[in-house]
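Enquirer: Here is what each chain is made of, one letter per residue.
Protein chains: 2
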Amino acid sequence: MTRRPEREKAGRFLAEGANAVGAALEREAARELFVTERAAQAHPGLVTAALEQGIRVSAITERAADGLSETVTPQGIVAVCDLLDRPLEGLLAPGARLVAVLADVADPGNAGTVIRVADAAGADAVILAGDSVDPHNGKCVRASAGSLFHPPLARVRDTAAALEACRAAGLRLLGAHGYAETELDSMPLDRPVAWVFGNEAHGLSPEVLESVDEAVRIPIYGAAESLNLATAAAVCLYASAMASRRSNGG
Amino acid sequence: MTRRPEREKAGRFLAEGANAVGAALEREAARELFVTERAAQAHPGLVTAALEQGIRVSAITERAADGLSETVTPQGIVAVCDLLDRPLEGLLAPGARLVAVLADVADPGNAGTVIRVADAAGADAVILAGDSVDPHNGKCVRASAGSLFHPPLARVRDTAAALEACRAAGLRLLGAHGYAETELDSMPLDRPVAWVFGNEAHGLSPEVLESVDEAVRIPIYGAAESLNLATAAAVCLYASAMASRRSNGG
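Going down the list, the protein sequences come from chains A and B. Residue numbering for the first sequence follows the numbering used here, beginning at 10 and increasing consecutively. Residue numbering for the second sequence follows the numbering used here, beginning at 10 and increasing consecutively.
What the hints contain is simulated information worked out from the structure, not anything from laboratory work. Predicted model, so just to flag it, every value in this text is computed and none were measured. Heads up, a few of these hints could be off.
Since the list gives no way to pick one copy over another, a pair counts as held whenever it fits inside one copy or between any two copies.
SDA-like mimics (lysine to any residue), calculated; alpha carbons at most 25 Å apart, straight line [said to hold, decoys possible]:
{"no.": "1", "residue 1": "Lys148", "residue 2": "Pro197"}
{"no.": "2", "residue 1": "Lys148", "residue 2": "Glu234"}
{"no.": "3", "residue 1": "Lys148", "residue 2": "Ala232"}
{"no.": "4", "residue 1": "Lys148", "residue 2": "Thr70"}
{"no.": "5", "residue 1": "Lys148", "residue 2": "Glu173"}
{"no.": "6", "residue 1": "Lys148", "residue 2": "Asp222"}
{"no.": "7", "residue 1": "Lys148", "residue 2": "Ile229"}
{"no.": "8", "residue 1": "Lys148", "residue 2": "Pro83"}
{"no.": "9", "residue 1": "Lys148", "residue 2": "Gly231"}
Based on the provided sequences and hints, a complete structural model is requested.
Expert: Quick look at the structure:
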């Protein structure tokens, strides 16, 4: 179930470790829980929560936990979960103010970290568009540190449709682009926005750059060539989140 | 030369790849350059720059490049460089406005990413304090994407001495701390500041928390438990850098 075709066929994925399992249970997305004796003793609250939700809890050996795990040091607790993505239609609730769109983001660790930052910044939704990685990938799940289960997620192959949905929801489309003329700190950032982040190596495609309302550059005050994707997303999403709250009186 | 005792004995470290080698040459920190035929053809400017600095350039085979490299896809260009750290004394020039202090940061990839963000945000210096990783570690060099060669760096075992030096330079000490009462967006951020970031797993030590002028929390607007080190550093350093420039009229 850890490979993509199996995941999609089964409609399930694995969330591993206490943080992810806890988030899965809060979201009521867990369907089955596997725990070692050691993990059951370390996290009795998670076992209880699963049983209260009527979820089957199965004891497994350390060796079986190693087999299920993708990490070097398995925590011995793994939940089988429903896939989290939902249709684009209806994803953006009225009044949405902050959305993160990942366009062709390839690395699952990067995608997970951006989902975590988007969640922290209070994003109303995250859209994985174009050729972006499957967010249910084990590395993405881990990098998100539970945040995969928080903001509503959609996966949309057609990036133009994703951007159009954001625009229709009243969001201004800002593309994070290292070579843009407009700098982040010269922008009014207190308005509802969909931030669009591109591929790690190639950035935003020409089509996406044409579709956004504005391409925006994070100013580089020192000698660095650029920021990496996750830190750039952190700066953009928090700049918007903080500006929006400042102008609304906190 | 890739292991720490060897590095310290030799007073040299390896910078691998065109970006890092270019940054090393700009800083005049390279002492010897090794290139494959393929890399010499791809980066003639780097070879010329090295020769103009009177640095010995040696042709190596692809196999030798693999042996020197720590990466899966070696770029075939490696510079032997002088260690970059300097004494704490004299590190902070008068008028320094932004310094990043890494206290017990263990992971070299994290350290390199924070150095890159600090450079981008225009930091006047970076201090690796306490048990922090050696910044000349190959993974740190790579994660810094050349930025290791930009801001002045010091390595200081005695964290208290590092903080004292920042204070003596007129910097306000702000500790990034997930459980602090004071929120980032309630702070005046336009003043000269040394941001202190702690260990990935344990955060700032009680001693550091007592020494800083203020512990500051990045507000979590959504359901995420926390941010990771690099994205938290990005938010704090850019919040200060942008506020400082706003109040100084850009």
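Enquirer: Hint by hint, note whether the structure agrees.
Expert: Structure-based check of each hint:
1. Lys148 / Pro197: Neither: 35 Å inside a copy, 38 Å across copies.
2. Lys148 / Glu234: between (27 Å within a copy, 18 Å between copies)
3. Lys148 / Ala232: Answer is between: at 20 Å across copies they meet the 25 Å cutoff, but 31 Å inside does not.
4. Lys148 / Thr70: within (23 Å within a copy, 35 Å between copies)
5. Lys148 / Glu173: So Lys148 and Glu173 fail the 25 Å test inside a copy (29 Å) and across (40 Å) alike.
6. Lys148 / Asp222: neither (32 Å within a copy, 38 Å between copies)
7. Lys148 / Ile229: So Lys148 and Ile229 pass the 25 Å test across copies only (23 Å; inside, 30 Å).
8. Lys148 / Pro83: both (13 Å within a copy, 24 Å between copies)
9. Lys148 / Gly231: Result: close only across copies, 22 Å inter versus 32 Å intra.
Checked against the numbered hints given earlier, the structure breaks hints 1, 5 and 6 and satisfies all the rest.
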